[in-house]
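Chains as they are written, first to last, in our numbering: chain F, 1 to 62; chain E, 1 to 258.
Derived by calculation from the structure, the hints in this document are not laboratory data. Among the clues, some could well be false.
[Said to hold, decoys possible] Distance windows between CB atoms, simulated:
1) 141(E) to 20(F): 24 to 34 Å
2) 20(E) to 61(F): 31 to 41 Å
3) 61(F) to 144(E): 43 to 53 Å
4) 3(F) to 144(E): 16 to 26 Å
5) 53(F) to 17(E): 41 to 51 Å
6) 59(F) to 178(E): 54 to 64 Å
7) 53(E) to 27(F): 17 to 27 Å
8) 23(E) to 59(F): 21 to 31 Å
9) 62(F) to 16(E): 53 to 63 Å
10) 38(E) to 7(F): 21 to 31 Å
11) 156(E) to 7(F): 50 to 60 Å
12) 160(E) to 53(F): 25 to 35 Å
13) 17(E) to 7(F): 25 to 35 Å
[Stated by the list, open to error] To list a few chain E residues with every Cβ distance to chain F over 12 Å, as calculated:
14) 31
15) 70
16) 133
Note that the structure is predicted; figures quoted are calculated from it, not measured. Yeah, the Cβ is synthetic: ideal placement off N, Cα and C, and Gly gets one too.
One-letter residues, chain by chain:
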Amino acid sequence: MQWNSATEFFAMGGYALYVWGGFGACALLMAVEPWLVKRRMREAILNLQRLGRAENLDNKNR
Amino acid sequence: MNLLTEKPAKGFYRFSSPQTFYPLAEKMLPWFWVAAALFGIAGLWISFFVAPTDATQGEAYRLIFVHVPASWMSMFIYLVMAAWAGIGLALGTRLSGMMAQALAPTGALMAALSLATGSLWGRPMWGTWWIWDARLTSELILFFLYIGFIALQAAIDDPRRADKAGAVLALVGVVNVPIIYFSVIWWNSLHQGSSVSLTKSPSMAQTMFAGMILMALCFWMYSIAVALMRVRAIIIERERNAEWVRTEISMEKTNAVE
């Protein structure tokens with residue numbers, strides 16, 4: 001291992017902004033995307049369940 | 001008598017129907033997430049603690065551990081997306097269009113990450129965030145092709161027609177992928193040639209190469225996992241009038257009472 005201390009590791013030889021910026025952007029987007037998809041899935045299921053309940057109500061009132 | 005509707009499809013073709021693919025995708029999901037996490041942990045460890053400092057680029061070269069995988073995936077996902085779209089166009093299979101639709105946002109994300117990490121590397125190494133060079137410009141066009149595909153499909157209300165229009169766009173855009181790949185050979189580019197090729201051994205330290213491959217596998221598994229998640233949502237959205245979706249949903253226990 002080429003790092004002598006944690007500060008040296010985080011400094012990335014003076015390229016901290018670029019290296020951590022790049023890895024950070026990847027980590028951020030790859031965390032946000034699954035979260036958005038999960039939300040879309042939940043939304044789709046909730047919509048269908050609402051629709052189902054509305055149809056049941058319609059049938060009862062008929 | 002129509003044999004096609006009489007008998008359920010057998011073997012592998014069974015999975016070309018949304019109804020059979022929906023539960024299959026759910027079963028596959030955890031495996032791809034676990035694989036992505038394991039490759040990611042191993043890849044990051046090598047990227048930061050095993051791979052040595054580059055003699056000419058210092059620590060800034062470590063960006064290749066995300067830049068190269070993101071670039072590879074942006075091109076590879078496009079090919080897979082166009083293939084699904086083409087199959088859908090030729091055979092009219094419902095699931096194919098959904099697969100293409102599920103892949104597009106992840107492909108766009110990979111293209112964006114490729115451009116962003118490349119830019120962050122270019123600033124300290126080339127002295128510029130951006131240059132209108134063949135490799136960079138063709139990758140930007142790839143990003144716009146993804147965005148165009150998504151926007152075109154979103155603009156058409158009938159999903160089957162959206163599939164067809166998107167498929168034509170995706171197939172025409174395929175020509176851009178070899179342009180990106182060979183741009184560093186065909187034109188004088190500021191971008192360096194590939195360090196990895198199928199025909200000769202990689203021109204970099206073995207640990208650097210290993211880190212890059214592990215990160216690429218992580219990005220690959222991630223892409224499959226997130227696309228499988230999205231295709232499940234798309235199936236629910238588009239097949240909402242099918243009986244099996246209704247029964248499937250009524251069994252889901254996601255906060256049924258609001």
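Hints versus structure:
no. : hint                        : in the structure
1   : 141(E) to 20(F): 24 to 34 Å : 29 Å, holds
2   : 20(E) to 61(F): 31 to 41 Å  : 37 Å, holds
3   : 61(F) to 144(E): 43 to 53 Å : 51 Å, holds
4   : 3(F) to 144(E): 16 to 26 Å  : 40 Å, violated
5   : 53(F) to 17(E): 41 to 51 Å  : 28 Å, violated
6   : 59(F) to 178(E): 54 to 64 Å : 57 Å, holds
7   : 53(E) to 27(F): 17 to 27 Å  : 22 Å, holds
8   : 23(E) to 59(F): 21 to 31 Å  : 29 Å, holds
9   : 62(F) to 16(E): 53 to 63 Å  : 39 Å, violated
10  : 38(E) to 7(F): 21 to 31 Å   : 30 Å, holds
11  : 156(E) to 7(F): 50 to 60 Å  : 55 Å, holds
12  : 160(E) to 53(F): 25 to 35 Å : 29 Å, holds
13  : 17(E) to 7(F): 25 to 35 Å   : 57 Å, violated
14  : 31                          : 15 Å, holds
15  : 70                          : 7 Å, violated
16  : 133                         : 19 Å, holds
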